[in-house]
Amino acid sequence: MGTTGLPTNITQGSRTKGGIGESTLRPDGTLKVTGEFAYSSDMWHEDMLWGQILRSTVAHAEIVSIDTGEALATPGVYAVMTYDDLPTDVRNYGLEIQDTPVLAHGKVRHHGEPVAIVAADHPETARRAAAKIKVEYRELPVITDEASATAPDAILVHQNRTDHHIGHVPHPNIVHRQPIVRGDVAKARERADVIVEGEYVFGMQDQAFLGPESGLAVPAEDGGVDLYIATQWLHSDLRQIAPVLGLPEDKVRMTLAGVGGAFGGREDLSMQIHACLLALRTGKPVKIVYNRFESFFGHVHRHPAKLHYEHGATKDGRLTHLKARIVLDGGAYASASPAVVGNASSLGAGPYVIEDVDIEAIALYTNNPPCGAMRGFGAVQACFAYEAQMDKLAAKLGMDPVEFRRLNAMSQGTALPTGQVVDSPAPVAELLRRVKAMPMPPEQQWRAAGEAADVRELPGGLSNTTHGEGVVRGVGYAVGIKNVGFSEGFDDYSTARVRMEVVGGEPVATVHTAMAEVGQGGITVHAQIARTELGVTRVTINPADTQVGSAGSTSASRQTYVTGGAVRNACELVRERVLELGRRKFGTYHPAWATAELLLEGGKVVTDAGEVLADLVDVLGDEAVEIEEQWRHRPTEPFDPRTGQGFGHVQYSFAAHRAVVEVDTELGMVKVVELACAQDVGKALNPLSVLGQIQGGTTQGLGIAVMEEIIVDPKTAKVRNPSFTDYLIPTILDTPTIPVDVLELADDHAPYGLRGIGEAPTLSSTPAVLAAIRAATGLELNRTPVRPEHLTGTA
Amino acid sequence: MRVTFTVNGRPQEADDVWEGESLLYVLRERLGLPGSKNACEQGECGSCTVRLDGVPVCACLVAAGQVEGRDVVTVEGLADFAKQRAEHGGCASGACGTADAAEGTPLDEARRWAARGTDSQAGEGTELSPIQQAFIDAGAVQCGFCTPGLLVAADEMLERHPNPTDADIREALSGNLCRCTGYEKIMDAVRLAAARQSEGV
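Those protein sequence lines, which keep their order, are chains A and B. The opening position of the first sequence corresponds to residue 2 in our numbering, with each subsequent residue numbered one higher. The opening position of the second sequence corresponds to residue 251 in our numbering, with each subsequent residue numbered one higher.
Rather than coming from a laboratory, the hints here were simulated on the basis of the structure. Among the hints, erroneous ones may be present.
[Unchecked claim] Covered, in the sense of this in silico footprint (three residues per stretch, anywhere, with C-beta under 8 Å from a C-beta of chain A), are these stretches of chain B:
1) 276-286
2) 290-299
3) 384-391
4) 394-406
5) 416-425
6) 438-450
[Said to hold, decoys possible] In the DMTMM-like style, the derived pairs of lysine to aspartate or glutamate whose C-alpha atoms are separated by at most 20 Å in a straight line are:
7) A:K18 <-> B:D387
8) B:K333 <-> A:D623
9) A:K188 <-> A:E361
10) A:K397 <-> A:D194
11) A:K252 <-> A:D227
12) A:K586 <-> A:D623
Every residue gets a Cβ at the ideal spot worked out from N, C-alpha and C, and that includes glycine.
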């Protein structure tokens with residue numbers, strides 16, 4: 002482990018080849034490039050049926066009747082199920098609050114809610130049969146925003162709430178409320194020489210993972226079911242699925258199928274229970290695969306938000322206070338809304354020193370699409386607002402926006418508005434300095450090739466809308482703070498089973514966890530950790546399933562920290578047992594067995610001075626050493642419900658961006674020329690994967706800045722653009738070069754000093770692009786995404 | 251209906267195909283070739299890109315009946331396809347080292363080509379095409395769902411255009427969405443494959 006604040010030395014790695022610190026290649030890489038890797042939608046079973054979900058066509062309505070007769074009579078249909086066919090009294094599920102019906106019960110609360118399910122021998126047969134189910138709705142008024150949710154006569158989205166938040170929320174249509182209050186804002190306000198206020202709007206983003214929700218449920222002879230599924234957390238799914246099926250958890254055997262991306266969108270259940278229900282009903286394997294249209298209804302989205310911010314500063318550029326109110330739209334079901342509120346409020350001040358703070362964050366229940374986890378949740382929305390505020394303050398004070406930020410940047414030892422003193426490196430000023438120092442891309446790149454403009458380098462691209470006329474460059478900066486791991490007192494543990502034995506005359510380690518590999522490269526890192534700790538070359542990564550203990554979720558930038566920590570811990574225990582074995586067998590031959598610090602390296606037991614004592618092959622013989630053990634990071638505590646004070650987060654993660662954009666000011670077209678990033682990663686266990694996470698996260702932030710938004714009709718609460726034709730994510734032409742400066746300052750509390758990295762780059766990317774567009778256009782731009790009409794005044 | 255066509259050099263027959271089925275569905279669900287991916291099924295994401303008589307197409311937008319009697323190459327056959335190309339006056343001989351080799355694989359050549367078996371389910375020892383190897387080496391694969399379509403598209407681009415500029419690569423791959431990588435490592439992979447190809451590695 003490195004020393005706090007000192008560089009961890011990216012190139013050092015371990016003395017066993019392929020250990021931590023090296024850019025080893027993905028163990029699943031070959032299968033993924035040959036098309037053989039089995040994703041959840043690739044599952045196939047003889048005699049399998051296809052499941053189809055019928056979803057509500059309206060957002061808020063009572064269900065008067067459901068007639069499944071014609072659907073059931075369709076040739077090729079094996080089963081049609083509605084709420085009345087559910088096998089037990091447990092008919093709801095949910096991550097924290099069990100408020101989501103498996104199938105609609107008398108009422109639908111959002112557009113696209115599951116009402117009935119069908120199994121048939123061909124997907125088209127199932128689709129057509131589902132379309133024959135007649136559902137009569139009596140429509141209700143829709144709740145779509147804070148005003149309609151908290152109006153005196155507002156219909157309650159959920160009647161008779163019994164969850165643990167109902168006691169402290171001001172209205173039953175508010176899922177959760179978290180204030181963060183520290184110091185005396187009124188008094189601090191008097192010290193302010195300048196005050197800036199802003200009202201910011203953040204659009205609804207979709208995770209848009211490419212692999213659609215899908216899986217295969219196979220009924221088993223013991224009355225249970227085997228489920229092959231793409232998810233972020235097998236054991237969380239299991240806990241929600243088994244009671245609905247009326248099965249003990251050991252009869253629902255889950256195996257992780259290939260996951261085509263996640264980004265938070267697979268934290269909640271989608272088709273898992275539906276496939277199991279149909280499989281158990283028909284006695285046949287059932288496969289369900291959403292198409293892209295259905296996928297937009299099949300998972301939660303990023304919370305859209307309205308944020309009101311007021312900051313003050315003295316004329317020498319010191320922040321005096323912050324007053325903020327953040328309203329997140331959670332949609333029809335709670336999902337991860339409480340945690341999103343916790344993040345938005347506790348991280349709402351950003352990575353700055355502000356003594357006097359009054360923040361309130363709430364999440365609403367509405368009839369809009371349910372919102373929950375997406376990369377950086379809560380912190381992303383807040384960062385967009387506070388970074389816009391920083392630019393406004395700097396402008397008002399006549400200061401450079403980067404210098405203004407650096408002047409107010411937090412650092413190790415800063416007390417956050419929650420009272421938590423940050424006890425590991427927080428190099429916010431340094432990241433800003435680094436990202437600003439990176440070389441600028443050349444001006445007018447479209448002229449690089451010669452006389453004629455290369456329109457591919459210009460706003461509007463191959464639409465050929467400009468050859469440089471009206472194009473203005475702008476540069477913007479932003480920085481953000483994200484928590485790592487599950488927070489607020491959650492028991493955030495993981496489990497690893499590590500086995501060591503001789504196979505084919507060579508020592509081999511086998512690592513078995515339930516960690517969902519969703520593309521992030523956790524399996525690569527697990528093999529590296531095993532090599533480093535056990536001194537072997539060959540590591541087998543077993544498929545993730547529920548035959549081993551929970552790994553927790555692949556989210557919150559936590560898996561390398563927590564499951565990586567569990568793998569390291571299990572390896573250390575295995576190593577002790579192997580050394581014990583060695584002492585018993587060979588201890589009498591060499592005194593160092595008893596006296597020296599022993600390591601496993603290069604397939605051998607060696608002393609810390611490098612003397613070889615034995616070959617692992619001889620130590621192990623025909624014995625296998627296997628250990629399964631849980632591992633937890635240090636505990637956190639809940640935020641005080643009135644003041645938000647508390648040691649709420651285990652670790653923080655920081656990234657800064659510089660965006661360079663070119664804007665066609667006549668047409669409102671934006672070309673992002675470059676998005677440079679500087680990020681502290683603590684320790685890069687796999688530098689290549691680290692870059693992939695930072696560049697991928699940056700690009701999702703770019704998407705929120707200039708194109709991505711689920712449009713919900715405010716009159717009907719219906720989704721208007723559920724397709725990749727109408728919901729745009731960045732293509733390779735939209736995405737600029739993303740140079741990255743990786744800083745490695747060890748966090749002493751974390752395994753190897755590492756820092757969770759996946760989310761931080763998604764935070765600052767968006768406000769940096771917005772700042773650059775503002776710089777190019779002089780417009781205020783208080784909403785994201787920015788579309789051409791916002792730049793041309795035709796919105 | 252019955253559809254008879256050639257996939258990765260082998261004659262294939264699919265029976266009881268419903269007229270509304272796409273080439274993608276027939277490949278994935280009837281022929282056991284799920285490498286071509288079903289990310290949007292509306293021609294926007296490129297994850298199902300295959301070669302149809304040499305031309306890259308979204309298999310989700312091709313009706314199964316349209317492929318009757320034609321040649322399809324999928325990601326599963328890409329390594330052998332690239333090898334065959336190299337052996338028949340492709341890059342191995344230097345013929346695609348000029349910008350004029352813009353025709354792609356001639357149809358009769360594609361027809362002569364046949365896939366060969368690989369030895370391991372775990373992928374060890376699998377022979378890969380240069381673009382496949384470059385995707386692994388450059389870190390261009392994360393979740394991997396976009397990868398098959400990108401590989402087929404990038405391989406076809408390098409066949410036409412062995413020394414592409416960055417702008418050329420971006421233009422050629424603009425029909426293939428990736429949600430994980432931010433495309434930087436994909437750019438690296440294509441540059442790497444082009445460089446190795448021109449060095450004859």
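Hint check:
1. 276-286: holds (count 7)
2. 290-299: That given contact holds, which follows from 6 residues of the stretch 290-299 of chain B lying within Cβ reach (below 8 Å) of chain A.
3. 384-391: With 5 residues closer than 8 Å to chain A, the stretch 384-391 of chain B meets the three-residue bar; holds.
4. 394-406: Coverage by chain A holds here, the residue count being 6 at a Cβ distance below 8 Å.
5. 416-425: With 7 residues close enough to chain A, the hint holds.
6. 438-450: With 0 residues in contact (Cβ-Cβ under 8 Å with chain A), the coverage given for the stretch 438-450 of chain B is violated.
7. A:K18 <-> B:D387: holds (17 Å)
8. B:K333 <-> A:D623: Status violated; Cα separation ~44 Å.
9. A:K188 <-> A:E361: Holds, at about 19 Å.
10. A:K397 <-> A:D194: holds (10 Å)
11. A:K252 <-> A:D227: Roughly 8 Å between the alpha carbons, so the hint for K252 (chain A) and D227 (chain A) holds.
12. A:K586 <-> A:D623: holds (13 Å)
Hint compliance for this structure: hints 6 and 8 are not met, and every other hint is.
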